[in-house]
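Residues per chain, in single letters:
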Amino acid sequence: MSEQTAVPASKGPLIYRQSAWTRVTHWIWAICLFFLLLSGLQIFNAHPSLYVGQQSGFEFDNAVLSMSAVNTDAGPRGRTTVLGYTFDTTGVFGMSGSADRPQFQGFPGAATIPSYRDLGTGRVVHFFFGWVFVLTMFVWFLASFFNRHIWRDIIVKPKDVTGLPKDIVDHATLRFHHGRSYTPLQKVAYFGVFFILFPLIIATGLTMSPGMDSMFPWLLDIFQGRQTARTIHFVVMSLLVLFFVVHIIMVIIANPFNELRSMITGWYRASPGTPLNEGDKP
Amino acid sequence: MSGIQLTRRGLLGLGATAASSLILAGCDQFDFVGERDGQVRKILEQANVMTYQVQRRLIGAQTLAREYSASEIRQGQRPNGSTDPTTPDYLALKANNFADYKLKVTGMVEQEVSFSLDELRNMPARSQITRHDCVEGWSCIAKWTGTPLGPILDMARVKPQARFAVYHCYDNIQKTLSGDIIYYTSSDLIDAYHPQSILSYGLNDQVLPVANGAPIRLRIERALGYKQPKYLHTIELVDDLSPFGKGKGGYWEDTGYDWYGGI
Chain A
251 MSEQTAVPAS KGPLIYRQSA WTRVTHWIWA ICLFFLLLSG LQIFNAHPSL YVGQQSGFEF
311 DNAVLSMSAV NTDAGPRGRT TVLGYTFDTT GVFGMSGSAD RPQFQGFPGA ATIPSYRDLG
371 TGRVVHFFFG WVFVLTMFVW FLASFFNRHI WRDIIVKPKD VTGLPKDIVD HATLRFHHGR
431 SYTPLQKVAY FGVFFILFPL IIATGLTMSP GMDSMFPWLL DIFQGRQTAR TIHFVVMSLL
491 VLFFVVHIIM VIIANPFNEL RSMITGWYRA SPGTPLNEGD KP
Chain B
-8 MSGIQLTRRG LLGLGATAAS SLILAGCDQF DFVGERDGQV RKILEQANVM TYQVQRRLIG
52 AQTLAREYSA SEIRQGQRPN GSTDPTTPDY LALKANNFAD YKLKVTGMVE QEVSFSLDEL
112 RNMPARSQIT RHDCVEGWSC IAKWTGTPLG PILDMARVKP QARFAVYHCY DNIQKTLSGD
172 IIYYTSSDLI DAYHPQSILS YGLNDQVLPV ANGAPIRLRI ERALGYKQPK YLHTIELVDD
232 LSPFGKGKGG YWEDTGYDWY GGI
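Protein chains in written order, with our numbering: chain A, 251 to 532; chain B, -8 to 254.
Hints in this document: simulated from the structure, not taken from any laboratory.
Even glycine gets a Cβ: it sits at the ideal position worked out from N, Cα and C.
Possibly wrong hints are sitting among the right ones.
[Stated by the list, open to error] One side of the interface only, derived from the structure: several residues of chain A facing chain B at Cβ under 7 angstroms: (1) 309; (2) 312; (3) 374; (4) 375; (5) 381.
[As the list claims (entries may be wrong)] Far from chain A by the CB rule (all over 12 angstroms, computed), these chain B residues: (6) 27; (7) 106; (8) 110; (9) 139; (10) 145; (11) 171; (12) 198; (13) 201; (14) 224.
[Claimed, not checked] Derived DEER-like restraints, expressed as beta-carbon distance ranges: (15) A:491 x B:23: 18 to 26 angstroms; (16) A:491 x B:233: 40 to 48 angstroms; (17) A:474 x B:86: 40 to 48 angstroms; (18) A:409 x B:44: 42 to 50 angstroms; (19) A:391 x B:145: 41 to 49 angstroms; (20) B:115 x A:351: 55 to 63 angstroms; (21) A:351 x B:118: 43 to 51 angstroms.
Put together the whole structure using the sequences plus the hints.
Here is the structure:
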């Protein structure tokens, strides 16, 4: 117990928080999701509309989102229709690029791989990183099950639920507590990503494969059709982008040096007052 | 918490900047993956080989694509790709309402065979209401009627060395300065013999229209639209796809699409 006094009161202990499995899979995912997003938007641009149902309505309307370029008296404009509401999105969706070289496409070239229209390449990139993503998921699940990372840090337990209101207040007022495990809000976020968003985006992706549909026709039933699955795939992508943005903001607010150190080396400076355990460093 | 003092607004702005810079990094730094002969491209394309092999091991040879009820036919079949071929051979056939049309089975077979449109129409027929999935992302449900391909291949007695069926078509999908590029694609024999692989001559209880591939369009229901060759005239059994086109097994495959087309 004499060690505990060795840590200055203003500083918590340095704890080994993230195993190598967690850190390596984290960075592989970061790379995969980057390429999956940009190649996915390339694929979306081949038919920049989303529908609900088994098929795409050409002679009836079951679209929930569509991007297009339209001719107006003031020249071509980009239009985006979401759930029946139409917005002028010139410069971003439907029409982008410079005035002398406009691009008439869903997402701008700056957000796609390749930057020009090339569905074939988009698919090659998407499926390559899709495989890496899924195989990494498999490795993460096995490792995190056996080293108890899932149970300790990801599964939301009753005490996390009761601690949630206080944690929301703490986050809203930027008073962060850095403990040995994640805070309730972090657990909810990571649980949602690992056990809801990741499985959903994989399953809806597979539902778009006519080959997989013949093997698992129930995929078409649980998602209510291939086109609905495509729409859900897009919505989950948007939620993952939202997660990414919040994730980055939280890292920056919480202390980028400490957070990045734990993501790279595993060592994390806990808040003052965190009890010292065996293996911790001052 | 020690460290840099920042306002909340400043931090939010920083986060947004970091996020958007990652997106903007995709501008054109990665355009090299589009180079068809690049080393990186070759590695990335191995994922498509893996997809094909895994799906073939996972999915039985006989599992069927979903068949829908008649009430799901809510629109005409959307034509795409070639919709009105202009090759002389095709125009001559069309002028005569395809009376002189012959479907030929050639290559690695014991007995080359050919059938007129009437002969094909008089063979046992299969009708199926299936979903056509375009590689672009859209789907369209329609009723296809035709004669199963498997028994026709059996009549020609496919040699055991044959590994692929190459589907030769009439349509000039692309017109270039050095001449027309004629559509073709290919499949393995599992897809060729699949019970839903039919030589369709009927669409939604009508004669198959020119825009959808008249007189014969092959349906391979567990694959995307570019594996459903329209204006089909010859099925060639081979053990190697490299002599055809640019060697990738099909017109779209030659431009960089995956050969399997089941995903």
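Hints versus structure:
About 4 angstroms separates the beta-carbon of residue 309 of chain A from the nearest beta-carbon of chain B, less than 7 angstroms, and the hint is met. With its C-beta approaching chain B no nearer than about 9 angstroms, residue 312 of chain A sits outside the 7 angstroms limit, and its interface hint is violated. Residue-level restraint check for residue 374 of chain A holds (minimum Cβ-Cβ distance to chain B is 5 angstroms; threshold 7 angstroms). The closest approach between the C-beta of residue 375 of chain A and any C-beta of chain B is roughly 6 angstroms, which is under the 7 angstroms cut-off, so the hint is satisfied.
Checking residue 381 of chain A against chain B by beta carbon gives a least distance of about 5 angstroms; that is within 7 angstroms, so the hint holds. Against the 12 angstroms criterion, residue 27 of chain B falls within the reach of chain A, whose nearest CB is about 9 angstroms from its own CB. The claim that residue 106 of chain B lies off the interface holds: its Cβ sits roughly 28 angstroms from the closest Cβ of chain A, which is beyond the 12 angstroms cut-off. Distance check on residue 110 of chain B: its Cβ is at least 30 angstroms (rounded) from any Cβ of chain A, clearing the 12 angstroms threshold; non-interface status holds.
At roughly 16 angstroms from the closest C-beta of chain A, the C-beta of residue 139 of chain B stays outside 12 angstroms, upholding its exclusion from the interface. Distance check on residue 145 of chain B: its Cβ is at least 23 angstroms (rounded) from any Cβ of chain A, clearing the 12 angstroms threshold; non-interface status holds. Its beta-carbon lying about 21 angstroms from the closest one in chain A, residue 171 of chain B satisfies the requirement of being farther than 12 angstroms from that chain. The non-interface label for residue 198 of chain B is consistent with chain A: the shortest C-beta to C-beta separation is roughly 20 angstroms, beyond 12 angstroms.
The claim that residue 201 of chain B lies off the interface holds: its Cβ sits roughly 19 angstroms from the closest Cβ of chain A, which is beyond the 12 angstroms cut-off. For residue 224 of chain B, the non-interface assignment is confirmed: its Cβ lies about 25 angstroms from the closest Cβ of chain A, beyond the 12 angstroms cut-off. At roughly 25 angstroms, the beta carbons of residue 491 of chain A and residue 23 of chain B sit within the given window of 18 to 26 angstroms. Checked against the hint of 40 to 48 angstroms, the pair residue 491 of chain A and residue 233 of chain B passes, with Cβ atoms roughly 42 angstroms apart.
A C-beta distance of roughly 46 angstroms is found between residue 474 of chain A and residue 86 of chain B, which places it inside the suggested range of 40 to 48 angstroms. Remark: the range hint 42 to 50 angstroms for residue 409 of chain A to residue 44 of chain B is upheld by a beta-carbon distance near 47 angstroms. Distance hint check: the CB atoms of residue 391 of chain A and residue 145 of chain B are about 46 angstroms apart, consistent with the given range 41 to 49 angstroms. In this structure, residue 115 of chain B and residue 351 of chain A meet the distance hint of 55 to 63 angstroms, their C-beta atoms being roughly 56 angstroms apart.
Evaluation of the 43 to 51 angstroms hint for residue 351 of chain A and residue 118 of chain B yields a pass: the beta carbon distance comes to about 49 angstroms.
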